[in-house]
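Colleague: Taken in order, these protein sequences are the chains called Y and R. Residues in the first sequence are numbered consecutively from 1, following UniProt numbering. Residues in the second sequence are numbered consecutively from 1, following UniProt numbering.
Hints are not guaranteed to be accurate.
Note: identical chains are not told apart, hence a pair may lie in one copy or across any two.
In the SDA-like style, the derived pairs of lysine to any residue whose C-alpha atoms are separated by at most 25 Å in a straight line are [claimed, not checked]: (1) Lys103 to Val345; (2) Lys253 to Ser313; (3) Lys253 to Thr338; (4) Lys253 to Thr101; (5) Lys389 to Pro137; (6) Lys103 to Arg252; (7) Lys253 to Pro337; (8) Lys97 to Glu130; (9) Lys97 to Gly255; (10) Lys253 to Phe29; (11) Lys60 to Asp38; (12) Lys253 to Asp305; (13) Lys97 to Arg221; (14) Lys97 to Lys322; (15) Lys97 to Met150; (16) Lys253 to Gly311; (17) Lys389 to Gly30.
Think of the hints as simulated: they come from the structure by calculation, not from any bench.
2 protein chains.
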Amino acid sequence: MTIEATQKSVMPALGNREANHPSSMVAMFGADEPLVLDAGLSLAPFQLAYQTYGELNADKSNAILVCHALTGDQHVANANPVTGRAGWWSALVGEGKPIDTSKYFVICSNVIGSCMGSTGPASINPATGEPYALDLPVITIRDMVRAQAMLVDRLGIDTLLAVIGGSMGGMQVLQWAVSYPERVFAALPIATGARHSSQNIAFDEVGRQAVMADPDWRGGRYIAHGCRPHKGLAVARMAAHVTYLSEAALQRKFGRELQDREALGFGFDADFQIESYLRHQGMTFVDRFDANSYLYLTRAMDYFDIAADFGGSLATAFRNTKTRFCLVSFSSDWLFPTSENRAIVHALNAAAASVSFVEIVTDRGHDAFLLDEPEFFSASEGFISSVAKARGL
Amino acid sequence: MTIEATQKSVMPALGNREANHPSSMVAMFGADEPLVLDAGLSLAPFQLAYQTYGELNADKSNAILVCHALTGDQHVANANPVTGRAGWWSALVGEGKPIDTSKYFVICSNVIGSCMGSTGPASINPATGEPYALDLPVITIRDMVRAQAMLVDRLGIDTLLAVIGGSMGGMQVLQWAVSYPERVFAALPIATGARHSSQNIAFDEVGRQAVMADPDWRGGRYIAHGCRPHKGLAVARMAAHVTYLSEAALQRKFGRELQDREALGFGFDADFQIESYLRHQGMTFVDRFDANSYLYLTRAMDYFDIAADFGGSLATAFRNTKTRFCLVSFSSDWLFPTSENRAIVHALNAAAASVSFVEIVTDRGHDAFLLDEPEFFSASEGFISSVAKARGL
């Protein structure tokens, strides 16, 4: 295993975390434990970087798996060692928080294909001694979930109390419920869809083309060439970022306000605050994210279509499920609109599943699932409490 | 004047059009007729390429000015000499069409800053003998309209029967009504807004950054370097194109249909039809459009904010107007949603103007204004007929 060479901040073995050290634990899977991929290949060896919070109880019934979104990571509730900022869901997950780590054992692993310590295109391909780049097989949401299940196995957990996630994380939640129905007591998919829409594929394709148009991408082999497609990746991030916000939120936050000036500049510098904001989003993103991982993870989202494996019937995908579901959508989310979430609810109803549905009224768009939304938090807390009670906790 | 060197298909002088030749007429404005720009500078010499259709009547009361959108041109109703395709509004404008050129004299000029024969950043700067590139001052919608007014002057027309246009063309219509209220008998702004929203600025900025991220952009001086930022401009076009369509139209036209294959390819080629479609849109666009013009015209749209010159009051901008207005919006247009159009209607009502408003129900998004939309056509025909009658035609 030479993966450590490119992943400095991760620990070499499962469960080996120093006290107060923010770096992740890493689960290593060797040649005898390959990850079977939907692409028809196997990946071995591979590794998953992960974080846990709280304590697993004696009968291992209080474990909650959190699934992160496209550019997220395993640092749900601890300071992010790369950015130094608070964990991305630290308002929702933690001691005394809606998902209370004094009651529950919370796990989050960096998805396969990403770049925060789990095996991805920037990892070393043991067959060549070079980074995989595009030689890594295309990864699917089901592959991510399959890898997570191997981690949950290794942690000795049979059935998860709940699987929770938003956006691409919500896709993983749905996939968990379909792939391992008996292992998911409750599922909380947030701001997601059962398949990527044509518009979502379109925006992802714009981002990928922006990355691949950058000559520093070098056919994906930029690490070997000692460069990075920073400009292309920044443009991809800017385009995506617009889709995470609602028109109303943009108008409220930025409107046509000018940046550091009294009047229009009559040039192509950032005149408007929204321009500066987007440029900043693009520039800071490239410091923390790998361009090829961006290609792989957007591809995984585009390929996601749960019903496709069941003759186009989402209800069939969920037939005989015992999992308790709660879906959450946000009224101004136009990337995964309420209608997409409601389609899942309808399918679950058709499958006679236990399902509740909450639409949170907010103007903050898709990003709302990462923000301090009291109604969302209280719905999550209520749902998790009720399923914990149902499981005898 | 050395501009002709870069604009091969245009004619050298006003009104000098060969029979059956699709090339445009060109109005030349010399050093004694500078275009006064909002940037605080003057542009001289400059030229406007334009087309006319039909005959101007004896009292010059039947002239209709058509204003084109961002990537449009003067070829409203004749075969486009660059692409060979039908004129962009040939379904609306022509003999026997809703805007009937057997009754009306229709004019359309390529906007200043564009690249279809009018002076723009690709034109030769007489001071240097090189293309202007970014030395051309930033152009505004008001500058475009000011130049059009000089053309209308030269054609000997005092008051236009109507000014018509969609999207950026609609901005010009509104600006005409504000800048030259006595010269606009009727105005038909379509699928537009009185100012660019924060979200629209954001998408434009993504496009500009995509162009400027391309190393072949060369700080704008790509013509002198013998290259073109094709990749960056293609990405910009792809991003913009998604915003021209509605989510419903994309789902209906493309859905998750695969392109020339039975199953997912597990790679980064175009798997989905929507990907092929967008790539095609990007690739064909770069053959017909200048990258710097794209920067200038998106900037002009971003700067547009009619109310800003009137203390933020749109109603004040239109005070005492005698122009008859008809506004048209499309229900699924999320770039210039009905609410933006309705805000203009409200301001016109507050200004006691004559105004009617039609929202066309369609799932085709912003692009609907360029498509065969029977209700839109009949509304346009009805409005133009009524104002022609009111003017005694």
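Colleague: If a hint holds in the structure, say so; if it doesn't, say that too.
Modeller: Hint-by-hint comparison with the structure:
Taking the shortest alpha-carbon separations for Lys103 and Val345, neither the intra-copy value of 29 Å nor the inter-copy value of 57 Å comes in at or below 25 Å. In this assembly of identical chains, Lys253 and Ser313 lie within 25 Å of each other by CA distance solely across copies; the values are 21 Å between and 41 Å within a copy. For the identical chains of this complex, Lys253 and Thr338 are neighbours both inside a copy (23 Å) and across copies (22 Å), given an alpha-carbon limit of 25 Å. In this assembly of identical chains, the alpha carbons of Lys253 and Thr101 never lie at most 25 Å apart, being 33 Å within a copy and 47 Å across copies at closest.
Proximity of Lys389 to Pro137 under the C-alpha cut-off of 25 Å is found in neither arrangement, the shortest distances being 42 Å within a copy and 68 Å between copies. With identical chains, the CA atoms of Lys103 and Arg252 are never at most 25 Å apart, being 38 Å at best within one copy and 47 Å at best between copies. For the identical chains of this complex, Lys253 and Pro337 are neighbours both inside a copy (21 Å) and across copies (19 Å), given an alpha-carbon limit of 25 Å. Neither within a single protomer nor between protomers do Lys97 and Glu130 lie at most 25 Å apart by alpha-carbon distance, with minima of 43 Å and 64 Å respectively.
For the homomeric pair Lys97 and Gly255, neither the shortest alpha-carbon distance inside one copy (34 Å) nor that between copies (40 Å) is at most 25 Å. Taking the closest pair of Cα atoms, Lys253 and Phe29 never come within 25 Å of each other, the shortest separation being 46 Å inside a single copy and 43 Å across copies. Taking CA atoms no more than 25 Å apart as the test, Lys60 paired with Asp38 passes in neither setting, with 30 Å inside one copy and 70 Å between copies. With identical chains, the CA atoms of Lys253 and Asp305 are at most 25 Å apart between copies only, with a shortest distance of 18 Å across copies and 34 Å within one.
Neither within a single protomer nor between protomers do Lys97 and Arg221 lie at most 25 Å apart by alpha-carbon distance, with minima of 43 Å and 56 Å respectively. In this homomeric assembly, Lys97 and Lys322 never come within 25 Å of each other (Cα to Cα): the closest approach is 27 Å inside a single copy and 62 Å across copies. For the identical chains of this complex, Lys97 and Met150 are neighbours neither inside a copy (28 Å) nor across copies (67 Å), given an alpha-carbon limit of 25 Å. Within a single copy, Lys253 and Gly311 get their C-alpha atoms only as close as 44 Å, which misses the 25 Å cut-off; across copies the closest is 21 Å, which meets it.
For a Cα distance limit of 25 Å, the shortest separation of Lys389 from Gly30 qualifies neither inside one copy, at 38 Å, nor across copies, at 83 Å.
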